[in-house]
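Line by line, the protein sequences give chains A and B. Numbering-wise (the working numbering), the first sequence opens with residue 4 and increments by one. Numbering-wise (the working numbering), the second sequence opens with residue 4 and increments by one.
Calculated directly from the structure, the hints in this document are not laboratory data. One should not assume that every hint holds.
What the hints assert, rightly or not - One side only, chain B facing chain A, incomplete, derived with CB under 10 Å:
#, residue
1, E51
2, L57
3, G73
4, M108
Just so you know, even glycine gets a beta-carbon here, dropped at the ideal spot from N, CA and C.
Number of protein chains: 2
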Amino acid sequence: MDIAAIDRSALTAAVEAARSDYAAFQDEGLALDITRGKPSAAQLDLSEPLLAALQPGDHVGSGVDVRNYGPPAAGLVELREIFAPLLDIPVDQLVARDNSSLSLMHQCLAMSFFHALPGAAGAWAGQPVKFLAPVPGYDRHFAVADELGVELVPVPLTAEGPDLAVVERRVRADAGIKGMWCVPKYSNPTGVTYSDEVVRRLAAMATAAEDFRLYWDNAYAVHHLTDDHDELLDILGACADAGHPDRAFVFASTSKVTFAGGGVSFFGSSPANVAWYLTRDFVRVIGPDKVNQLRHARFFRDSAGVEAHMRRHAEIIAPKFAAVRAALANDLGALGIANWTDPRGGYFVSLDTVPGTAGRIVELAKAVGVALTPAGATYPHGNDPQDANLRIAPTLPPLAEVERAMKVLTTCVVLATGERVL
Amino acid sequence: MDIAAIDRSALTAAVEAARSDYAAFQDEGLALDITRGKPSAAQLDLSEPLLAALQPGDHVGSGVDVRNYGPPAAGLVELREIFAPLLDIPVDQLVARDNSSLSLMHQCLAMSFFHALPGAAGAWAGQPVKFLAPVPGYDRHFAVADELGVELVPVPLTAEGPDLAVVERRVRADAGIKGMWCVPKYSNPTGVTYSDEVVRRLAAMATAAEDFRLYWDNAYAVHHLTDDHDELLDILGACADAGHPDRAFVFASTSKVTFAGGGVSFFGSSPANVAWYLTRDFVRVIGPDKVNQLRHARFFRDSAGVEAHMRRHAEIIAPKFAAVRAALANDLGALGIANWTDPRGGYFVSLDTVPGTAGRIVELAKAVGVALTPAGATYPHGNDPQDANLRIAPTLPPLAEVERAMKVLTTCVVLATGERVL
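Kindly produce the complete structure, drawing on both the sequences and the hints.
Shown next, in the form of structure tokens:
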């Protein structure tokens, strides 16, 4: 953004109008929230039949009584077969687990301190460990790293994916960099999908650490907003082709497909990594919740069932994203005081404002009853050095509330920019 | 057991008969398994209505849509209210979680290496950590400790609980002893319930470690075999009374109440420990599977519902325990070559044979198609220094198979004892 190029007189006029709008909001008693990537009730209703997908008498999956302990150790085959093609992971290399992929990432990271990863001489305990963190990124990834004493090294996220010039230099130079957080498709919060070139170079790059891992959080693999959607290159294939078959840990879940917190999750990787994971996991738990896995397999039936289900999600949320886009374009487009992303999937829109304004915008919005994700949340330790990035999460509120919240947001952007620039 | 007192001529006669029986087993092509504590299909059928306990439209619990992320952080209040009185834990201090209490123990232990427990100056990383392990005990507890590099220090389990003379001396002398595994009710495998005196002394004893924790795995809290059942003293109350409110982490689950691997679990402790746990857990996962929690709350309705449900379990499994008791008494009682427990609840019978015979008994039984839990499994690293303890798990097979397997087992006990003693 070229701050010098901002038309001061146009901005001044906009601020005048914004002051009037803001005064009106103060009288409205708004209570709106566009803070978190939660599905709406209408989206959850799409999966309501899941509650009754198993009825008494239906408790056998993968040839076993799913109500009891026991195999298959990697989770129900029926469910893995449905998701394997959607995630570009061979069924044999895909593990089905419980209600949270975040917990799988936490588990892999924590257990790496106790047990050497395939390819490594030893575990991480006692060593300084760092992870690259493309920014803006997902606050919960950063929190997991903090929790386990892993230092986060921010790297810029471009429109093609992480800035590879920075990434390649750092991982080659520093054996303490053991991994990298990635949301490779419809990235949280920018909506970027990594280009094929970026995926291939991440798979191929030389790393000083012998056990470097891409934490490939494919959270939005099937979460398209339009039929004309992004395609992500198969990371496990790219890693194998590049001679680094063990480089990627792939994670996914149905938290934004069926029920948030009541779904199923997946871990996919090389055979050696899967064996490592299952060895670790079998000490922690006798087995996953196969009942819920069977419930999901019955509900979806097949991969096409998942895709059809996701189209129904898109019908509900695409208008909300369109409202965000329209508000930003209409209210801010001519002023040149902000940039934003226009994702073809996922759960977020990323908004970059004039440096030094993001925190103030959140404050102004809060004062009239609109909750925004805290400024800085998309950076490690909540610290956006530019104080310029805001994450918009439009899925949860009804459309009319998204529209209203966006009007408040753009008004606050204009006000804060005026305070800063004029 | 007084080996010198064994009547050699009676044993010789018994071995003669056993040889003949064993030869007959060899022709039978048996395939029986009394190895693990799994519920039988008939027991699982008791919970079959759980599959349909939620139907479309029923998705609100604790005032929230359980299909979405969000509070209550400690899990659904309805479910915690049902289990709080059964576990002797105030609702506010009881956390409801997902399908595995073992995973909660693993989590608490692992996270103690990264974050100081309440009362501690620091986390455990970089220190040698030891846990007391009453023996015979639960192999999966021992495996979790091994996984995380925690050294296991065996202490004898008596008919009243752990041998307190040993426990008190060790925890007072060694600040590296940070905890102790306990299955305080219907212990795995002996069926012992800790006496009130033992509970009080465990709560009150002086420990060199400032952050010593009892890992109180109350796995069989409601798993009575008879109406005349054991009572376990309230450990959290005892700890608070003794001035050590943070000493106990209590764990429980419905794995052997509803579905094994498809149930719900519980963590209960002091307010400070609960806050520590929830802080750790909220980094790992956005929330538990509230859908399954609501399903369980609907199914049980109230605490009395759980108790009634467990009486139906007892009706199914008590005859199997009676068959074990009868076989041991009839076949071995007069010979004085074994001792065994007669539990009033839980999932196991513990059998002590003449030292040096347990491995041989497992081998003989296997050769005729009867799988027994490996000798030594009830000791850290599978090492029973006496080679004398066997764990009998009678719940899974039908009654007729339990009876047949027990006949094989007692025959093998006689044969192995004859080899050793005569």
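Each hint, compared with the structure:
Here the hint on B:E51 is kept, as its CB sits about 5 Å from the closest CB of chain A, short of 10 Å. Nearest Cβ of chain A to the Cβ of B:L57: about 5 Å, under the 10 Å cut. The hint holds. The beta carbon of B:G73 is positioned within 10 Å of a beta carbon in chain A (closest approach about 7 Å), and the interface hint is therefore held. Among the interface hints, the one on B:M108 holds; its C-beta lies about 9 Å from the nearest C-beta in chain A, closer than the 10 Å criterion.
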